[in-house]
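Protein chains: 2
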Amino acid sequence: MASKEGKEKSKGAAVQLKTPKGTRDWIGADMILRDEIFTKITDVFKRHGGVPLDTPVFELKEVLAGKYGEDSRLIYDLADQGGELTALRYDLTVPFARWLAMNKVQQIKRYQIAKVYRRDQPAVARGRMREFYQCDLDIAGTYDRMIPDAEILRVVYEIFESLQEQIVIKLNHRQILDGIFAVAGVPSDKIRTISSAVDKLDKAPWADVKKEMVEEKGLEESVADRIGEYVKHNGDIPTILSLLQADATLCANSDIKQGLEDMGLLASYLDAFGVPSNKVSFDLSLCRGLDYYTGLIFEVINQPSASSSTADSNVKSSKKKGGEEIQVGSIAAGGRYDNLVGMYGKTQIPCVGISFGVDRIYTLIKAKREKEEGTSRVRETDVYVMAFGGGSFDGMLKERMRIARRLWDAGIKAEFTAKTKPRLPQQFKAAEDVPLGVILGEDESANGQVRLKVLGSGAAETDEKDRGQLVSEDDLVAEIKKLLI
Amino acid sequence: MASKEGKEKSKGAAVQLKTPKGTRDWIGADMILRDEIFTKITDVFKRHGGVPLDTPVFELKEVLAGKYGEDSRLIYDLADQGGELTALRYDLTVPFARWLAMNKVQQIKRYQIAKVYRRDQPAVARGRMREFYQCDLDIAGTYDRMIPDAEILRVVYEIFESLQEQIVIKLNHRQILDGIFAVAGVPSDKIRTISSAVDKLDKAPWADVKKEMVEEKGLEESVADRIGEYVKHNGDIPTILSLLQADATLCANSDIKQGLEDMGLLASYLDAFGVPSNKVSFDLSLCRGLDYYTGLIFEVINQPSASSSTADSNVKSSKKKGGEEIQVGSIAAGGRYDNLVGMYGKTQIPCVGISFGVDRIYTLIKAKREKEEGTSRVRETDVYVMAFGGGSFDGMLKERMRIARRLWDAGIKAEFTAKTKPRLPQQFKAAEDVPLGVILGEDESANGQVRLKVLGSGAAETDEKDRGQLVSEDDLVAEIKKLLI
Chain A
1 MASKEGKEKS
11 KGAAVQLKTP
21 KGTRDWIGAD
31 MILRDEIFTK
41 ITDVFKRHGG
51 VPLDTPVFEL
61 KEVLAGKYGE
71 DSRLIYDLAD
81 QGGELTALRY
91 DLTVPFARWL
101 AMNKVQQIKR
111 YQIAKVYRRD
121 QPAVARGRMR
131 EFYQCDLDIA
141 GTYDRMIPDA
151 EILRVVYEIF
161 ESLQEQIVIK
171 LNHRQILDGI
181 FAVAGVPSDK
191 IRTISSAVDK
201 LDKAPWADVK
211 KEMVEEKGLE
221 ESVADRIGEY
231 VKHNGDIPTI
241 LSLLQADATL
251 CANSDIKQGL
261 EDMGLLASYL
271 DAFGVPSNKV
281 SFDLSLCRGL
291 DYYTGLIFEV
301 INQPSASSST
311 ADSNVKSSKK
321 KGGEEIQVGS
331 IAAGGRYDNL
341 VGMYGKTQIP
351 CVGISFGVDR
361 IYTLIKAKRE
371 KEEGTSRVRE
381 TDVYVMAFGG
391 GSFDGMLKER
401 MRIARRLWDA
411 GIKAEFTAKT
421 KPRLPQQFKA
431 AEDVPLGVIL
441 GEDESANGQV
451 RLKVLGSGAA
461 ETDEKDRGQL
471 VSEDDLVAEI
481 KKLLI
Chain B
1 MASKEGKEKS
11 KGAAVQLKTP
21 KGTRDWIGAD
31 MILRDEIFTK
41 ITDVFKRHGG
51 VPLDTPVFEL
61 KEVLAGKYGE
71 DSRLIYDLAD
81 QGGELTALRY
91 DLTVPFARWL
101 AMNKVQQIKR
111 YQIAKVYRRD
121 QPAVARGRMR
131 EFYQCDLDIA
141 GTYDRMIPDA
151 EILRVVYEIF
161 ESLQEQIVIK
171 LNHRQILDGI
181 FAVAGVPSDK
191 IRTISSAVDK
201 LDKAPWADVK
211 KEMVEEKGLE
221 ESVADRIGEY
231 VKHNGDIPTI
241 LSLLQADATL
251 CANSDIKQGL
261 EDMGLLASYL
271 DAFGVPSNKV
281 SFDLSLCRGL
291 DYYTGLIFEV
301 INQPSASSST
311 ADSNVKSSKK
321 KGGEEIQVGS
331 IAAGGRYDNL
341 VGMYGKTQIP
351 CVGISFGVDR
361 IYTLIKAKRE
371 KEEGTSRVRE
381 TDVYVMAFGG
391 GSFDGMLKER
401 MRIARRLWDA
411 GIKAEFTAKT
421 KPRLPQQFKA
431 AEDVPLGVIL
441 GEDESANGQV
451 RLKVLGSGAA
461 ETDEKDRGQL
471 VSEDDLVAEI
481 KKLLI
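Here the protein sequences come in this chain order: A and B. The numbers in the working numbering rise by one with no breaks, and the one at position 288 of the first sequence is 288. The numbers in the working numbering rise by one with no breaks, and the one at position 306 of the second sequence is 306.
FYI, nobody ran anything at the bench for these hints, they're computed from the structure. Just so we're clear, the structure is a prediction, and the values are computed from it rather than from any experiment. The reader is advised that the hints may include incorrect statements.
Pairs count within a copy or across copies, as identical chains cannot be separated in the list.
[Said to hold, decoys possible] With a straight-line cut-off of 27 Å between C-alpha atoms, the simulated DSSO-like cross-links for lysine-lysine are:
1. Lys346 <-> Lys429
2. Lys40 <-> Lys200
3. Lys232 <-> Lys413
4. Lys61 <-> Lys40
5. Lys232 <-> Lys217
6. Lys210 <-> Lys368
7. Lys366 <-> Lys453
8. Lys46 <-> Lys429
9. Lys279 <-> Lys371
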């Protein structure tokens, strides 16, 4: 009985019409907006000498192994079908490191725009998906300190200027952070786990973070309090630098000393690059999850202007906004990773890079556009070719084809209705979001003429009295080009 | 012992540095050429009102099931990790049909450019990979006969004109083909298998195909001979049409009658669209593998000009060329499929579409370019900013940064060497494929000036006597823009 039911079910059941969990289709206006974002980002990458790279969507499993810590459980494996073990890429950084090592490339600025895959819990409204795009620029090679790092931040600045998004770049330095933990008295084997507790300060108040450090992770309370004194600070680079430089205990630590030198250089290079100091916040609570960072780390959030408030007040303001604004988390992030490439071969190649979360940027810009503009076009057609005539009218199909062909030959985006005798309202409906109409009629055609009409709001379009200006067929392309400027 | 060896191996063995079988990385000049091809193809898609679609790289397995016949074994499954069963997409047509049914879309011209996955035997030199790009345009909707079909062929023509590739579009019609098989006496249950034998005529001589039909597939020899009489014909549409129309037995078959009407309409529409008749070859041996085609089918091959020779002479000429020219097979293919969308829901939506094999087109164009031009640029940088000075020279890093910033602000693609004190030859080497150099010196800088130099072939560049024209910093952007036109 059960098996019979099962059989009937599998025979009769229609295919489930959906995309896999955490994935979506992109169509029309959404795609056009996303492509616009891609173009603006790649234009800046190219402006800085970026070389485009594309890697396969899956990698050998051993290439991805041991790179993502706990997050490895989020990797999508492909089925083993008697061949290699492979998995979908988790980010673009590890495939880049594999490519560098495989091709023994010593230096490059490379960019890549591609989808990555994480079997995480999706949160569609906030733009968190299992399949999503990343746009990465990385500078690999042995250069003088902080010069490529500053250029990466200049790239961030240029891109968000171009996207007209107000941002703050939160900065920190792994050597300063680790030095502070050491000076505060964190045992060296606890530095990474304490670091990941501190990383939660952008979402949780200090009291919760302290509780995690003391109760869950067994840190002495006095040590936690000393950490608290440091990580509450953020502000522009010179302010935080003076604060740290005034602390003799900190400056005695060689890691911190190197980190402070780096941050001083960075501030002067950002100035030379024209990155306004209010776009940058040196935030001692910023940790970044991934283990492989070794120097500067950064995270970009969208926000009207930089504040020099404490970590605690940051938490309050993000809580206050929680219900009202779209919270997308960081929209770009990255840092310096000098040891990752060496994991694949004998050669260490120092790298610094940035990854833009395009789907989150898309979510922000789309929300803004919807407020400002209403609906957007789903395709780019500029001219709709139609025909109109009386009772014995044959539809002028070949005439419409011939005119469309003339427009295509001139590179003009044009369509017509693929019917022998379409009705005029049907043609106007199809032309709804098209700016120009070319209207053919038998009388006009006999004189080698057509009518060219600017298509406005719906009502007037079927008004036969306004059928547009008479234009000779030979002048049509030129007249259209004038109107499309 | 064995297990100890195993352990040591896994501990000591370095990660294999390669991409999975049948996949490859794309970098620099190759990527730039591929993007150029994408842009030319999408420009034409947009010119015809195409709406962009992007679907996830994997689909529910049941969406792909039962669509590809024997080729289903080539589908890449993802591992089942306690969730949905999914597989990488095999083409872009089935995801499009799923999208149409899921969103109850009645009509659209949609295009999609994306990678597809087939666990086939790779043939890298000929551009056959397991991961490769397809560019598809499909017209879905109920329209009058052959109008969308003709527009798809016009799109093919425009795209290869734009790519400057000489092509022939081979055409046939499933209803004519099936009608011929029926008239020749093929039992209806053998039509598809006989069709797939005939499909091999572009690679094998008639004698081999006949042998397969008679000996392997049990067809009567007289029936095979009758098929042979028909499928040897190809030529322009009017020629083949008259040939078939003169055969009363064929014309009595209702499928053939409908097919001949369609081909007559098509010829007249292609004429209105300005597609030259020598670009098209009505080839009765063309079958196309996939089951879902219901009307017009086509395949694009690259070839200097159309010939009206017999199938046998075609085979000879492809054999003759075999060793000399790159054989990439068909570079685009498609057809009408009126029943596929109905497999997912209650509504039938007639479709006709084309798929461009971008990797094969890339292989052809790259080979041609290499003959003509030599090496290509790996990035688009237009200006390299460098500095030069005597013994106590400090490298002018911040000056170089400041000038680069000015250029970036003006949208100019510029780079500089990320070293405090780079040597001049090092800077010229980095600028090797960059057209313009801006050279900073302390004396010039004191006067608010820099030198602007057109970078030519290697030898002259380190010649100190030609250090370019003196330009004031404020005029630099304008001077560069003049040179870059």
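Problem set entry | 27 Å Cα threshold - placement of Lys371 relative to Lys279 | within (26 Å within a copy, 50 Å between copies)
Problem set entry | 27 Å Cα threshold - placement of Lys217 relative to Lys232 | within (20 Å within a copy, 80 Å between copies)
For this session: Measure nothing new, just compare the shortest in-copy and cross-copy C-alpha distances for Lys346 and Lys429 to 27 Å and report within, between, both or neither.
Result: Classified as between: cross-chain Cα gap 26 Å, same-chain 65 Å, threshold 27 Å.
Problem set entry | 27 Å Cα threshold - placement of Lys40 relative to Lys61 | neither (33 Å within a copy, 36 Å between copies)
Problem set entry | Copy assignment of Lys210 with Lys368, given that the CA separation must stay at most 27 Å | neither (37 Å within a copy, 66 Å between copies)
Exercise. Within a copy, between copies, both or neither: where do Lys366 and Lys453 come within 27 Å Cα-Cα?
Worked result: neither (31 Å within a copy, 44 Å between copies)
Exercise. For Lys40 vs Lys200, is the C-alpha pair at or below 27 Å within one copy, between two copies, both, or neither?
Worked result: neither (32 Å within a copy, 47 Å between copies)
Problem set entry | Lys232 and Lys413: within-copy, between-copy, both or neither at 27 Å Cα | neither (57 Å within a copy, 40 Å between copies)
Exercise. For the identical chains here, do Lys46 and Lys429 meet the 27 Å Cα criterion within one copy, between copies, both, or neither?
Worked result: between (41 Å within a copy, 19 Å between copies)
Violated hints for the displayed structure, listed by number in ascending order: 2, 3, 4, 6, 7.
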